[in-house]
Structure formats: C-alpha cells, structure tokens
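Put chain S on the given structure of chain P with help from the hints.
Chains as they are written, first to last, in this note's numbering: chain P, 1 to 659; chain S, 1001 to 1659.
If you're looking for bench data, these hints aren't it; they were derived computationally from the structure. Fair warning: there could be bad hints in the mix.
Stated by the list, open to error - Below, simulated DSS-like cross-link-like pairs (lysine-lysine); rule was C-alpha separation at most 27 angstroms, straight line:
| id | chain 1 | residue 1 | chain 2 | residue 2 |
| --- | --- | --- | --- | --- |
| 1 | P | K256 | P | K30 |
| 2 | S | K1613 | P | K628 |
| 3 | S | K1653 | P | K499 |
| 4 | P | K628 | S | K1653 |
| 5 | P | K653 | S | K1591 |
| 6 | P | K499 | P | K108 |
| 7 | S | K1527 | S | K1647 |
| 8 | P | K613 | S | K1499 |
| 9 | P | K437 | P | K258 |
| 10 | P | K591 | S | K1647 |
What the hints assert, rightly or not - Using C-beta positions, here's what the derived DEER-type ranges look like:
| id | chain 1 | residue 1 | chain 2 | residue 2 | range |
| --- | --- | --- | --- | --- | --- |
| 11 | P | P598 | S | A1557 | 32 to 42 angstroms |
| 12 | S | D1294 | P | W474 | 46 to 56 angstroms |
| 13 | P | E555 | S | L1478 | 32 to 42 angstroms |
| 14 | S | E1430 | P | L560 | 26 to 36 angstroms |
| 15 | S | H1558 | P | E430 | 23 to 33 angstroms |
| 16 | P | E555 | S | V1158 | 33 to 43 angstroms |
Here a beta-carbon is modelled for each residue, glycine too, at the ideal position from N, C-alpha and C.
Protein chains: 2
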Amino acid sequence: MVLTILNAVKRVLVGRPFRNDRMAHTLLPKRIALPIFASDALSSVAYAPDEILLTLALAGVSAVTISPLVGLAVMVVLLTVVASYRQNVHAYPSGGGDYEIANENLGKFAGLTVASALLVDYVLTVAVSMSSAATYLTTAIPSLHGQQAMIATIGVVVLALVNLRGIKEAGSVFAVPTYIFMASILGMTLVGIFQAVTGQLGQAPSAAFTIVPAPGFDEGLVGLAGAFLLLRAFSSGAAALTGVEAISNGVPNFQKPKSKNAATTLLLLGIIASAMLAGIIYLANATKVHIVLDPATEFLLNGRPLPEGYIQNPAISQIAQTIFGAGSIPFYIVVAATGVILVFASNTAFNGFPVLGSILAQDGYLPRQLRTRGDRLAFSNGVLALAAGALVLILSFNADVTKLIQLYIVGVFISFTASQLGMVRHWGRELKLAKDKAVRRRMIKSRTINMIGFGMTALVLVIVLITKFEQGAWIALLAMFVLFLIMWSIRAHYDNVAKELAVDEDSSPRALPTRVHAVLLVSHVRKPVLRALAYARASRPSRLDAITVDINAEETAHTLADWEKLEIPVPLTILASPYRETVTPIMDYIKNMRRDSPRDLIVVYIPEYVVGKWWEQLVHNQTALRIKTRLHFEPGVMVASVPWQLKSSEEAKRLQDIQ
Amino acid sequence: MVLTILNAVKRVLVGRPFRNDRMAHTLLPKRIALPIFASDALSSVAYAPDEILLTLALAGVSAVTISPLVGLAVMVVLLTVVASYRQNVHAYPSGGGDYEIANENLGKFAGLTVASALLVDYVLTVAVSMSSAATYLTTAIPSLHGQQAMIATIGVVVLALVNLRGIKEAGSVFAVPTYIFMASILGMTLVGIFQAVTGQLGQAPSAAFTIVPAPGFDEGLVGLAGAFLLLRAFSSGAAALTGVEAISNGVPNFQKPKSKNAATTLLLLGIIASAMLAGIIYLANATKVHIVLDPATEFLLNGRPLPEGYIQNPAISQIAQTIFGAGSIPFYIVVAATGVILVFASNTAFNGFPVLGSILAQDGYLPRQLRTRGDRLAFSNGVLALAAGALVLILSFNADVTKLIQLYIVGVFISFTASQLGMVRHWGRELKLAKDKAVRRRMIKSRTINMIGFGMTALVLVIVLITKFEQGAWIALLAMFVLFLIMWSIRAHYDNVAKELAVDEDSSPRALPTRVHAVLLVSHVRKPVLRALAYARASRPSRLDAITVDINAEETAHTLADWEKLEIPVPLTILASPYRETVTPIMDYIKNMRRDSPRDLIVVYIPEYVVGKWWEQLVHNQTALRIKTRLHFEPGVMVASVPWQLKSSEEAKRLQDIQ
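So that you can see chain P by itself, here it is in the shape it has in the complex (with noise of 0.2 angstroms):
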C-alpha cells in the first residue's frame, strides 16, 4: 500500500514521536534560551539596514545621511514593543502566543485574524531568511552570483527535510553560532568605531558612486513625496522586529521562575538588537556605503553609468570589506555568521508553524487530526506546507530580498496591535478583579506600557499599510484573507455537524434495532470468505443470507458447485446482472430487503484482502470498495469488513507494528 511505503519514509525521515513528560527535559537557561529565540530577531539585521538605504537613496545621496533618523525611529518601536511583550509574558506564563492573547480577549475574530497573519509571516519569515542567506553566500562566493533563487530553494528544502526528521534537542548548536553572530557584528562595530576616532575608517567600496535620484526626488526628500519615501524607509527597517514575539511564545520552556527569565531574555534580546541595528547603520554612513535598488541606472562613477557586471553587497558585507579588508578572515567570519544566522531565522518559523497549527487544529480550525502536539503528523504536514509557500515565495520573487520584505511585516505588525490590544483588555479585566494596592499598580503600570505599545504599533501598521500596500503588502494580505476563509469555513462545519450530531431528546441510548439481518458477498468460494462466513455466523444473526452477482456464468456455476460441495448451512443467493455489473445489483438487493423490513439493522459482510504493496491494492478489493461506499449512504446498514492478511502483508504489519 501506499500508506506502507510513505510510512517507511517517514519513519526514517521523521523518527519517532515524543512522549508528553519528556517536555520537561528541555527546560532552558537564559544563555541558551536566547540564542534559540533571539535568531529570528537579530537575523534581520542582515537586511533591514539596506532596505533602509537604499529606499532613502531613491531621493539621491543626500538623502541617504538620513538614515540614522530612521534607524533611531525603528529602535523606538523595537524597545517599546519589547517592553509591552515583557508585560505579556508576565501576564500569560503559559505562553501565550499573540494568536491565543487576541483570541481570549478580542474574540474568535481577532483570534483568527493574528493566526492568519501569524501563518502567512512565517511562511515570509523563511522565503526573507533564506533569500539573504542567499545573498550572504553569494557574497563570499562571487561565482554563485545569480543563482541565489537556486540556493535558497535547496536551503528550504534541506531545512525541511532535516525538520522532518526532527531536531528538538539541538538547542545548543543554536547557541554557539548566535553568539559568534553577535560577537562579530559587536566586535565589528567597535573596531569600526575604533578606526574612525584615530582616523583610519577607509570608504565602502560603493563610497564613490553618485546616486541619481528617482523622478520626482530632484529636490531630496521634501514634501509629501519625501515624508512618504521617508515612511516607507522606516516600514522596511521595521523588518527588524519581526521575530520579537517569540520569546514570549516560549515562556514554558524556561526554567523556573519562568516569566522573569523570559522577561530578562526579551530585554537582552532588544538591548542586542537595537546594538547591533545602530552599529551597523553607524558603520554604513561613516564609510559611506551607498545601497540603490537598481545600480545600474541609479549609480554613476564619474558621471557615467557603472561598467556592466557591478555586483551589489549588502551593507554588513560592505563594511566588513572596508574594516577588515576584502578576502581578510575576519570578513568571512562576519559574512559565514551572518548567513548562518539567516538559515537559524528560518528554522524558528520551522518549529513556530506547526505548534501554531496544532493550537489552531485544537481550536477547530483546521482539520482535527492534526490538533495533538505530540504526533508527528501534525509536525510533519505543517513542515511541508511552509516549505511549499516559502518555496513559491522564493521562485516568484527570484529570491529578491526587497520585493519579498514588501510583503512582510504586515502580518507581523497585524499581531503585535491585536496582541497589544488584547493585552490592555487583558489588564482591564483583571483590575476589577484585582483587590491589592501593591498589586493594582502594577497593572495599572502594565496596562500603559501596553497601550503605548498598541499605539505605536498600530501606527506602524497604519504607516505599513500606506507606504506597502501598492508594493506587495496587497498579496500578504489576500493570502490572510483566503487563509482566514478556509479557517473559518472549517470551524463552522465543524459546528454545525456538532449541532447536527448533539444528543437530543429523540436519541434513546437504549432503542435497538428489532432485529439483525445479515449478508455474506461472495465472489469466489476461498477461504476470506469462509472466514467471513464464520464471523456472521458467530455473529449470531436473526438471518443470514450469502449472495453472489452472475456476471459470468461459467464462474459463477462454479462458484455454486463449491458452495454445495462444502456443504454449508447457508443457502447461495445469484443476483442477476443484466449489464454484467457488480454493484448494482447488490445495491439493489439491499435497498429491497431494506423496504420490506425497514427496522431491521442490516450487516454486509465483505471479505478483503490485506496486502503488503501499493500495487496489489490496485489489482485487490477495487470492487469491495465500490461496494462500501454506496452501502454507506444506506441508512440502516452497517458494513463488516473481514479481512484476511494474504501472506504479503506481514512485512507490511510489522512496518506499521514498529512505528
């Protein structure tokens, strides 16, 4: 069967599941809990800083020196919403995630609303991630210029297939690299910072180039048109955020006393990132890098365009080439690290994903099959659905770091305001509760610090909207919609089938069906159906019928001569079939007998074979299950399959024993 084969694959692929009380076991220390949930955040520092420059450089290089204004202004945010996501964690220390925050105290609405948001970023979190890793490689190794699309769909793909096989424990491969991330961004900055007090700071290689300003931007950046490019600059430097909210997702795999660890994690996290933002953005000006979306009709050397075949770097790149030297070590160390953390970036919405689906599965809203956290079934398929959007992402965008943040962050900045709000609810309704002095003013306290975090961030996502929408936001949004409508859809048929299905007055657990009437098909006379004889037998039937349809009547003489040889106390009943046809005629069969004794309960029995490949499933009981799909629109009838395990089957069930 196919089942038999995909299930070996997944066994070797996937491993097996975890028990629940092993949980327990991975309960982290602050300095290895940040690394696992400070990569997401950081990580965007490899691409904020140039979505920054290089839309500031649309209104010419003067425009550019701005950059430390927009730079400042995204900090503010970053270390507003970390102080508001402190109050979440104190407040939820089970873990609230945004989509469980908004749905508690906003309604399914919102709740369904973050989780939409929540499941399209991810899937933006991993085509970002990847698409600069990308990049980042290609930096190193100029000769895979071009091909970054190619390397971040084997990236994904990698990275799904070693999801899929499992990597929960590998908390501590994340911790080294982070901290050699963050080592060498710090390290690099102060080096920088070094050199430029004793006036050794050389150019970027791009320091040269003039910029020509877009149409429009002749002037620099004034009027309406400049303060929308200057919004826009902030909305793509707000990428640095993304990825903030995950500690607070955490907060149950801490060690003890979980909230305050997770509320120094997040303040370290936004401390470093606000660091490593401002050192970078320091650098780039100080040495000039200049970052346009086009370099060849936006730069000018000399007043003439750029030789053909000028490949752009981004700004950590281009630093660490002017403080360290181009080809030095310490260049490959900071760009190795950079892309590195990028794939971590990735892998965080590899484990994010999946646990959100569970919740959401939990919820109804997705199929319930998938809600238990602890199977791998659930795991598995939402590891495969985020590869195959982060894929698409990756293929229609040409793995284009500027086009795809264009879709980002909305959905990121959509959580963070529902969640925001959701938490001034939050505080609201437990300081009716709250009695204690001591203890009201700290929500009190709370509940402002989550207001000015839901005032900012639904400004930011007002300034998203405006300055995105056109640019690709207007995508990552449809896809929310579609997600939201496929979610909602499922969760209102599950309850209307639990409306339909609830125990009412009428369903008496004690009414039994007057009497049980048995039918045994019959094709050739083997032993399935001795043995299927035998249990409707053993079934103790108030009648039992076997039948068989005559389609060929050489076969079915035959198959009458070894009924009667073995004598069996059953009489054989030949159906016939004048378009020499098997369903109908037993169809029709039953629903007659069904007429005349419309309380009777019937019970078909069908012999079936077990077997062990996905061929012979093909060439065995195609027929049988025709035959059980009509009979399960006929009310009144219950279908007992009897199997019998053909010898191919063994290897089969000891595949699935072992699973």
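Showing chain S alone in chain P's frame:
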C-alpha cells in the same frame, strides 16, 4: 468526496451503461460493416506511399522510379494476409482476435506477447493516424503549418472525450465518409489515368526538383546498402497492412451467415485497399511526385537549394493538386476525405483497445475489476490509457509521421505472424479429429493458406525488425516487453493468491469463533456513537466494551460525563495516551485482548461520518481511516463501520443512485 465529483463528471461524459441484450441490435450488414472495419486499413494509403517514396529518394531520383515495384510487393503481402485472415474468420466465428488465437493454439506466452504487441500498436495507430490527419489539415489550411503536434493533440483529446461519452451506435456515421474517401481516391485515379492516356496529365509541384542522394548512394540503388534501403522502403510501405485484422475481431457483429459475410467483406477490403495503393503509387510516378525526408538539404531547384519555407505536401495532396488544380473543389474533397478517414482510423483503436483490455482482465492479466465488458469502467480506463499513450508519442515525436512509422508495424507483424502460426496449429489439431474427406480437404487448403501467410508475415517481420530496429522499433519493442512483464506479474500474483486462498482440508466451514468480543470506539458522545452502540448491542456480543483515548484531559472528562448522564449500560474504558496519540493506545488494547483470548472474534465498531463534499472527507474520518488500516493487519479482528449520514451527504447519495 472526490468520487462523487468524478462520478458526476463521468455521468455527463460517459452516459449510462449498456444492457447485455442490446448487443443483438447492432448486427451489421456488409455495406455498413465494410466502412466500419475498413477505415484503419484504407487510411494507410494516406501515408504509406509517402514513406516508400521518401525512403527511396535517399538513393536519388532514379531510385524513386522503383516505387511501383515496392508497392507491388506490399500488395502481394496484403492480399496474402487477407487470404489468411479469411481462414481465421471461418475457423473462429465467435470473433477470434489474434490474442485469442495465439493464446489458444500457441500457449499463454505467445498469447501475452501478441496482446502486448496489439496494445502498443493500438497506441501507435492513434498517434500515426492523428499526426497524418493533422498534416492533411495543414495541406488544406497552409497557415496551420508547423502546428501539427498541437492539432494532433487536440484531435486525440476530442476523440477520447467523444469515446468516453459513447458512440457505439454510430455505425452509419462511419459509412458515408468512408465511401466518399474510397470514391474520391479511386475517382481521382480514374481521372488521372484518363488524363495520362489523353496526354493531359500535368507534373506535380515537386516534379521540377532534383534530389541530392544521401552519402553512399551516389550510384543509386546498388550493392548491399541499396538492397537494405529497398527493404526499408518496403517495411515502411507495409504500414498499409495495419487494420486488416480488424474484421476478424468483429465477426460476431456481422449479419448471418456471419463467417461468410465477414470473409466476403475482408476480400472486398483487400481488393479496394490494393487498388487504392496501386492507384496512388502509379499517379505519384506519372506526375513525378518527389518526396524527401528533409526538403531543405535533399532538394535542388536549378542546382540551388529551395528557398526557405517550402512546405512538402503528402503524395495524395500533390496528386490531387496536379490532376484537379490547387484550390479546386475536388482537391479539397480528396484532402478532406483523407483527413476524416484518418480520424476514423484512430477511432477504431479507441474501440479495440478497451475491448482487448477487458478480455485480458477476464484472463487475469489486468486488474479483475476491469473485466466486465458491459461496464464502462474498463472502457473509460482503456480510453484514457490509450489517449495518454498516444499523446506521449505525438508530443515526443512532434507529430512527425515518418518518425512514428518507424515504431509502427513491428507490433502488427508480431501478431500477424503469431496468429498465422496459431492457425496452422489449429488446423493440424482439427485435422486429427476430422473424418469427412471434403471437410479435411477444405482444412488442408486452409492450413496451406495460413502456412503461406505465416511464411510471408514472418519474413516481413524479420525485414521490419532488421530495417527498423535502430530507427525506433526498439522503443515499441521495449514498450511491449514492459507491458508483457506487468501483465505477466499481475497474472502470477492472481495465481499465487488463488493458491494461497484455495479451500483445503484445514478450512472447515463449520468452525466458529468461541465468543464474540465487541469494542466500540468513542470520541465524543454524539448521535453516531449512540447508533454504533445500538448496532453493537443488537448484535448481542458475548462482551461489549466502549473505549476512548485520553488525549485532552478536559475533553475526556466531558465525554465521560456525557456518557454517564445518558446512563448507558456499558462501561466506558479510558485509555491513557502518553504520546497524545490516538491509534497506538487502541492498537495496544486490541492486541492485549487478542493475547488474552486468542480464539475469540473481536469486532471493532467504528462510527463513521458519511459526508457529501470532498473537502469534508479531509476534515473527518481521518483517524478512523488510520485505525481501520492498522486493524486490518490483525487476524481475528473484524471492523464494523457504522455510518452516520450527515445532511450534506444527501446530494451525494442522489448522484450515486442515479448512476
């Protein structure tokens, strides 16, 4: 369910099944039978003469003048084969196809070889005829030139749809165009002869071109290479024989006396086909039609290559142009009639392929459920398989008739040869039994004819294999080999299963399981569960257990409370699930039960939702399906599906019922 949609689509496309007894109404008089069975054989004059001409042209203009000789050889073979099949028709009035004759007289191995060859050749008939039809369409509408592959693809798809819908009773539809085709080709020949006699016959458009011989053929048709080329031309011309065997399959469809009428029709077919072939080749020579493989390199006009864009039309089209004038009405009639007859030729394959498939299924070489000829299942699967195969060939070879011809015919001659050898054996066996002198004399005469037929077809088969193997026949042979292996394996599998399942002395039809132990699977306490409970209790098992798996403590408590509230007289057992997984705890419970009382029958009652839409299937029953699959591997366990018809299933039931 997907099945529902597919069935609805199928109903619209395919229509209702036929009754067995409707067969009797379709007995055919000779004047209808001839066009129905003749289109395949007659249509080959649309391409066979071209293949002879272009193969000979490799040795230059003078070699082309030998084409009447090659044509004569093909005619001799054609008439010999016709004479031989007239014997088949008399010996097997029940419609002994080549497969049955080979199977019965030469054994399973030969039979299956012939079957594989025929299946492959049906696919090639469609590919070659449709590609040729597309060429004729571009002859009439030159602006379509270069689009043959697309035209042929559309043709195959439309023909497949038409056949899925059913066109059984379209006998008379076939008659008119076939007669028009015969009349137009034979009429054109007469007009051409008249023009030649009166000195009015013009020169073909390609008459002025000189042909550049291929390397090694500067001397013309001499030496071994020349002989080989001659044989290759003959092999390609032998394509004219395909379809001759069609009448021998169709004897039961003739009016009485069936055999005599069929034999007469076969003779008529042979005479008409020979006359048409002779006419076309004569006219091609008289008007100096020059056809080559590659006009750009092989043609010279006044010593220089042709201007780009020369379109080489088939011989019939060039002849019609010469005799009637380009763009004249008779020209269009000839070209259109040829195109239509080629489509009809493809259609014969769409009738023959599924019938052969159902015969093979009856003999256990294909999945059993395809065996009933009356059922549309076999028919529609056959149509789809044939269309898919033809499309692969058309697209792989870009609808190039000359390339496709290289794959063709080898299969036809394999079945001709095997069939004739089978007939020789048949007469030998009959002769042993026959006493009457006149009868014996007739049999000896028949055997002699079949011997000559065997010798002739075997010789042609060897020639075809030698001259075409490298050109593409190996692909056809490989496909036959693969088909042979698949069908052989299916049969071997069925034989093994029959042996494994045969009733022996150990299998007593009276031994019953000691006790019946019923297990009811409970998830929520809803109506379906209560129905399953009622059915389980109505079957009066020796013992009845209800079990539920504890995945979520809250839900389990809820279920238990509901259960107790209803005062159900069966205790509910709660199974722990350390992995929060549903299937494994149930399997463990059942296995324990089996270990405790191995001689009991365990009946597992599973409530199932019957849904109406395919996506509902995705959100329901998935866990039940997994449990059922696992339970099937346990001996002594029977699964009873208790269906609960959701409201949404009503429309699906209605669709199933009208089916």
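Do the hints match the structure? See the list:
1. Distance restraint check for P:K256 and P:K30: the Cα-Cα separation of roughly 10 angstroms lies within the 27 angstroms cut-off, and the hinted pair is therefore satisfied.
2. Pair hint S:K1613 plus P:K628 holds up; C-alpha atoms about 17 angstroms apart against a cutoff of 27 angstroms.
3. Pair hint S:K1653 plus P:K499 holds up; C-alpha atoms about 22 angstroms apart against a cutoff of 27 angstroms.
4. Under the criterion of a C-alpha separation no larger than 27 angstroms, the hint pairing P:K628 with S:K1653 is consistent with the structure, at around 13 angstroms.
5. Restraint check for P:K653 and S:K1591: satisfied, since their Cα atoms lie roughly 13 angstroms apart, inside the 27 angstroms limit.
6. Note on P:K499 and P:K108: the hinted pairing holds, with a Cα-Cα distance of about 19 angstroms set against a maximum of 27 angstroms.
7. At roughly 13 angstroms between alpha-carbon atoms, S:K1527 and S:K1647 fall within 27 angstroms of each other, so this suggested pair holds.
8. For a cut-off of 27 angstroms, the pair hint linking P:K613 to S:K1499 stands: about 18 angstroms separates their Cα positions.
9. Proposed proximity of P:K437 and P:K258 is supported: the alpha carbons are some 24 angstroms apart, at most 27 angstroms.
10. Note on P:K591 and S:K1647: the hinted pairing holds, with a Cα-Cα distance of about 20 angstroms set against a maximum of 27 angstroms.
11. Look at P:P598 against S:A1557: about 38 angstroms separates their beta carbons, and that is inside 32 to 42 angstroms.
12. Take S:D1294 and P:W474: their Cβ atoms lie about 53 angstroms apart, and the range 46 to 56 angstroms holds.
13. Here the CB-CB span from P:E555 to S:L1478 is close to 35 angstroms, well matched to the stated 32 to 42 angstroms.
14. S:E1430 and P:L560 have their C-beta atoms about 33 angstroms apart, which keeps the hinted 26 to 36 angstroms range intact.
15. At roughly 28 angstroms, the beta-carbon separation of S:H1558 and P:E430 lies within the given 23 to 33 angstroms, and the hint holds.
16. Remark: the range hint 33 to 43 angstroms for P:E555 to S:V1158 is upheld by a beta-carbon distance near 38 angstroms.
Against the hints set out earlier in the document, no violation occurs for any number.
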